[in-house]
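K.L.:
The listed protein sequences derive, respectively, from chains A and B. Quick note on the numbering used here: the first sequence kicks off at 1 and runs consecutively. Quick note on the numbering used here: the second sequence kicks off at 1 and runs consecutively.
Hints may be right or wrong, so weigh each one.
One copy or any two copies: either way a pair holds, since identical chains are not told apart in the list.
Stated by the list, open to error - EDC-like mimics (lysine to aspartate or glutamate), calculated; alpha carbons at most 20 Å apart, straight line:
id: 1; residue 1: K288; residue 2: E262
id: 2; residue 1: K255; residue 2: E199
id: 3; residue 1: K137; residue 2: D427
id: 4; residue 1: K255; residue 2: D74
id: 5; residue 1: K133; residue 2: E341
id: 6; residue 1: K235; residue 2: D350
id: 7; residue 1: K269; residue 2: D350
id: 8; residue 1: K137; residue 2: E70
id: 9; residue 1: K288; residue 2: D11
id: 10; residue 1: K288; residue 2: E352
id: 11; residue 1: K288; residue 2: D7
id: 12; residue 1: K453; residue 2: D329
id: 13; residue 1: K349; residue 2: E289
id: 14; residue 1: K269; residue 2: E451
id: 15; residue 1: K349; residue 2: E45
id: 16; residue 1: K133; residue 2: D264
id: 17; residue 1: K282; residue 2: E337
id: 18; residue 1: K255; residue 2: D344
id: 19; residue 1: K137; residue 2: D74
id: 20; residue 1: K235; residue 2: D344
id: 21; residue 1: K108; residue 2: D241
id: 22; residue 1: K108; residue 2: E45
id: 23; residue 1: K137; residue 2: E19
id: 24; residue 1: K282; residue 2: E451
id: 25; residue 1: K269; residue 2: D241
id: 26; residue 1: K235; residue 2: E352
id: 27; residue 1: K288; residue 2: E253
It should be emphasised that the hints constitute simulated quantities derived from the structure, not laboratory data.
Protein chains: 2
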Amino acid sequence: MTFTRFDRYVDRHSRNFVERLQALCRMPSVAARGTGMRAIAETVELMMQRVGIGTRSFRIGSGYPIIYGECGVDPRSFVVYGHYDVQPVGHLSEWSYGPFAATIVDGKLFARGAANSKGDLAARLAAVETYQKTFGKLPVSLRFLVDGEDGLGSPSLYRFAAEHPELLAAQGCIWDEGYKDTQERPVISLGFKGIQFLELRAHGARTDLHSKWGAIVPNPAWRLVQALATITSPKGVITIDGFSSHVAPISAEDKEALAGIELDEAGLKREFRIGGWVRSLKGPALVKEHIFGPTCTICGIQTGHTEAGVKTVLPSSALARLDFRIVPDLTPQLVLELLREHLDVRGFKDIEIIELGNAPLAKSPASSAVAQAVIGSAAEVYGVAPLVYPMDPSSGPVGAVCGASSPPTPVASFGISYAGSNPHGPDENIRVDDFLQSIKFIGRVIHRLGETKAKTSGANKLIVGREARVSGAHN
Amino acid sequence: MTFTRFDRYVDRHSRNFVERLQALCRMPSVAARGTGMRAIAETVELMMQRVGIGTRSFRIGSGYPIIYGECGVDPRSFVVYGHYDVQPVGHLSEWSYGPFAATIVDGKLFARGAANSKGDLAARLAAVETYQKTFGKLPVSLRFLVDGEDGLGSPSLYRFAAEHPELLAAQGCIWDEGYKDTQERPVISLGFKGIQFLELRAHGARTDLHSKWGAIVPNPAWRLVQALATITSPKGVITIDGFSSHVAPISAEDKEALAGIELDEAGLKREFRIGGWVRSLKGPALVKEHIFGPTCTICGIQTGHTEAGVKTVLPSSALARLDFRIVPDLTPQLVLELLREHLDVRGFKDIEIIELGNAPLAKSPASSAVAQAVIGSAAEVYGVAPLVYPMDPSSGPVGAVCGASSPPTPVASFGISYAGSNPHGPDENIRVDDFLQSIKFIGRVIHRLGETKAKTSGANKLIVGREARVSGAHN
């Protein structure tokens, strides 16, 4: 059985598929701002129905709807995760094109959400259509799960998963995070780091004061800086008391997987325009740190006056947002407790910690059917061996979806981005050719899934962290 | 000679004087934004001419004009400094009344610039009018110097002073900084701390990145935090190498002056809504720190994403604004050099330092004619001994004006604010009664200056720091 007809269908309908994606990208759907969410949810549901997916929309409380859709009648089913919301735009002035114009220039489609991840959703729907038009019915059942709260930490999804585990029962799960690296090698992930996203606040006088009071009035900005400086070393190592003792050693299997991965250091440095990596790491040590290193990232600090027009004030408050990416055996709750204790014993009890959101880590083996189908199809379509990450450095509500049944569902994740996609920054973009190639790739994944044996208990192994309290964003 | 007629004139014209002040406050004149600057300069010049001051407007380069005005023919002359520009408004939502509505509620006039320092300018002009209407001609010559760039660090004023020292030759200078403390005692200052206002910048990737890169991509926010944390101790002491050795011991005369000053600690703590002072200082130690302590205030930090809508990014850059208030024998240049060296030896050569503005310190003796006239008049009008600060904790271009001639001109500074005026924050306001009382006070100051002997060389002593390179704001 060849994919000649499948690929020809994609080529013949490429313009149509790209236009559908553009239409999707032209709908602003920033969950964090509540912009255009209703319209996009309706559109996504309609797009799913048009390719023969039977849909149901689940609205949990006042959240944005989860669009659930089933396609195929085979008892072997696979979950396909996606989301229709996008990240906030950030500073408009940093964009070369309107973030919702979906402008195509030199084969690149620029739009907030094109890479993360409307392109993936559109490609998957196009693959379902193409498969049915060329092969007939799907060889397995697909259970689409399209989230509207990726940018908010998917609170509805956690509740949905807890309330409807039967809809998530599956032999595998396909996630939507992935990209081609700077050397055009597709990156596939078999899990995700967890996340604990916190805000630290220091408080001073009731209002910003004239800075002539600087000699005697406590300055919350200094307080916050001094507290933050105890959390990492100048070299960027997390120095929270007891933190490192909770980081598990890397297993023999994971060490082997790491050995197969390399980062295009020169290409990434060029892409990011940086002179080097933290602690001058390189080679295998750099890869290991990237995939298995826990992080504590300052995502933002705001205090006092920094706008145009100089103004000498003593700030009344200061805040910092910290994003911890979590590896085995850390948990979001443990990170929070260790940080609180660490600050307290150093006299920083006055620093308030607010939880913005968290997600457990998730990690599954390369031997699963879904992983094998994805890895095999990638080699076939892209002509190179994919880089298989035992755990992706990003995070998501994978634990909610894959941990809903027991044993947990194994996951494999891939996507249509490339190294220059900049999915959380300005000028987010994808390459149109990557989008079309991905349709062909997904067709093959579906086909290979059809060769999977029916589920036998105990065959799967997924590590999923325990907590899943999420009230903010992550990914 | 009594002031009965003078005071009665002020009382009879109080409504008129207040309305003139309101008109001035209703003109937005934010130099940092360039708003309404032309209109206010013309209005101020006209107001000066109306009370018999012969004016000249000096425009230096593309700066905002300095309105210079002479009144009186006596050979003994005194400079009266003021400014017509105001600080930026800040967050409108924090204001109870429109910042340019000049609303009077419960005897308080709310406006950006009412306290700093349109109220002072209006009171001084009202006093000149009243003096001439009731006593006849002025007993001394007054040389008004009205700056339009207080909020920008007065760059034009420095050049004006260098180019026209003859216009600034005087036996004393009256500055416009001062207030009644929480116990209604007028505060008079005989000098000002210097200032060095710097911006520190750390640079990372070319754009904000997805924070999944946090394990390996250097984070400029952490870099800045770690660099800042070396500049002060957690207790708020400046720890720059060699810094403290340049802080001169306090002279016997200044120790005596300090002994006469007390801070209303309870009142200020209530006003600021703070639980205590830095390092739990109190009493004479607190006063000493306030007046003679050098400061390093974080005026603002900005990096990454801190707005509504959580967003996990690895920032591309980070900046902090630091405001050093300088005491003898520190200089702005020395602070800059010490900080650069301090960061360099700690491996922070990558932290960029940008000069936003500076001003030398200025400090003159209590024995000068102008100081004696101001101190004597205050006791007479306010019925309490004023608090005489040998050096004000704030800063200004005093060195430019008073250091233009040799020996330097002694300075005495007072103003119409009170402890709740909040001159750099929201709801800046003055009390109408303070404004009117100040007119009576200034009348007496002018009168006492008439008793001054003609200038004899060597009678004055002013310490003025050496540098006066200013490109940004301070006060």
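K.L.:
Next step is simple, just say for each hint if it's right about the structure.
P.N.:
Verification of the supplied hints:
When the C-alpha separation of K288 and E262 is checked against a cutoff of 20 Å, the pair qualifies only within one copy, where the shortest distance is 10 Å, while the shortest distance between copies is 61 Å. When the C-alpha separation of K255 and E199 is checked against a cutoff of 20 Å, the pair qualifies neither within a copy, at 34 Å, nor between copies, at 45 Å. Proximity of K137 and D427 under a CA criterion of 20 Å is satisfied in neither setting, with 39 Å inside one chain copy and 70 Å between copies. Taking the closest pair of Cα atoms, K255 and D74 never come within 20 Å of each other, the shortest separation being 37 Å inside a single copy and 91 Å across copies.
For a Cα distance limit of 20 Å, the shortest separation of K133 from E341 qualifies neither inside one copy, at 60 Å, nor across copies, at 71 Å. For the identical chains of this complex, K235 and D350 are inter-copy neighbours only, at 14 Å across copies versus 26 Å inside a copy, given an alpha-carbon limit of 20 Å. In this homomeric assembly, K269 and D350 come within 20 Å of each other (Cα to Cα) only across copies, at 17 Å, whereas the closest approach inside a single copy is 39 Å. Taking CA atoms no more than 20 Å apart as the test, K137 paired with E70 passes inside one copy only; the shortest distance there is 13 Å, against 96 Å between copies.
For the homomeric pair K288 and D11, neither the shortest alpha-carbon distance inside one copy (39 Å) nor that between copies (80 Å) is at most 20 Å. For the identical chains of this complex, K288 and E352 are neighbours neither inside a copy (33 Å) nor across copies (32 Å), given an alpha-carbon limit of 20 Å. For the identical chains of this complex, K288 and D7 are neighbours neither inside a copy (37 Å) nor across copies (81 Å), given an alpha-carbon limit of 20 Å. In this assembly of identical chains, the alpha carbons of K453 and D329 never lie at most 20 Å apart, being 32 Å within a copy and 83 Å across copies at closest.
Proximity of K349 and E289 under a CA criterion of 20 Å is satisfied in neither setting, with 31 Å inside one chain copy and 26 Å between copies. Proximity of K269 to E451 under the C-alpha cut-off of 20 Å is found in neither arrangement, the shortest distances being 41 Å within a copy and 74 Å between copies. Taking identical chains as interchangeable, the C-alpha atoms of K349 and E45 are never at most 20 Å apart, the minima being 49 Å within one chain and 55 Å between chains. For the identical chains of this complex, K133 and D264 are neighbours neither inside a copy (39 Å) nor across copies (84 Å), given an alpha-carbon limit of 20 Å.
In this homomeric assembly, K282 and E337 never come within 20 Å of each other (Cα to Cα): the closest approach is 32 Å inside a single copy and 35 Å across copies. When the C-alpha separation of K255 and D344 is checked against a cutoff of 20 Å, the pair qualifies neither within a copy, at 37 Å, nor between copies, at 39 Å. When the C-alpha separation of K137 and D74 is checked against a cutoff of 20 Å, the pair qualifies only within one copy, where the shortest distance is 10 Å, while the shortest distance between copies is 105 Å. In the homo-oligomer, the alpha carbons of K235 and D344 lie at most 20 Å apart only across protomers (15 Å), although the nearest pairing inside one protomer, at 23 Å, exceeds that limit.
Proximity of K108 to D241 under the C-alpha cut-off of 20 Å is found in neither arrangement, the shortest distances being 46 Å within a copy and 52 Å between copies. Taking the shortest Cα distances, K108 and E45 never come within 20 Å of each other, neither inside one copy (26 Å) nor across copies (59 Å). Neither within a single protomer nor between protomers do K137 and E19 lie at most 20 Å apart by alpha-carbon distance, with minima of 25 Å and 84 Å respectively. In this assembly of identical chains, the alpha carbons of K282 and E451 never lie at most 20 Å apart, being 40 Å within a copy and 79 Å across copies at closest.
Within a single copy, K269 and D241 get their C-alpha atoms no closer than 32 Å, and across copies no closer than 35 Å, so neither meets the 20 Å cut-off. Only between protomers do K235 and E352 lie at most 20 Å apart by alpha-carbon distance; the minimum there is 18 Å, versus 25 Å within a single protomer. Proximity of K288 to E253 under the C-alpha cut-off of 20 Å is restricted to the intra-copy arrangement: shortest distance 13 Å within a copy versus 65 Å between copies.
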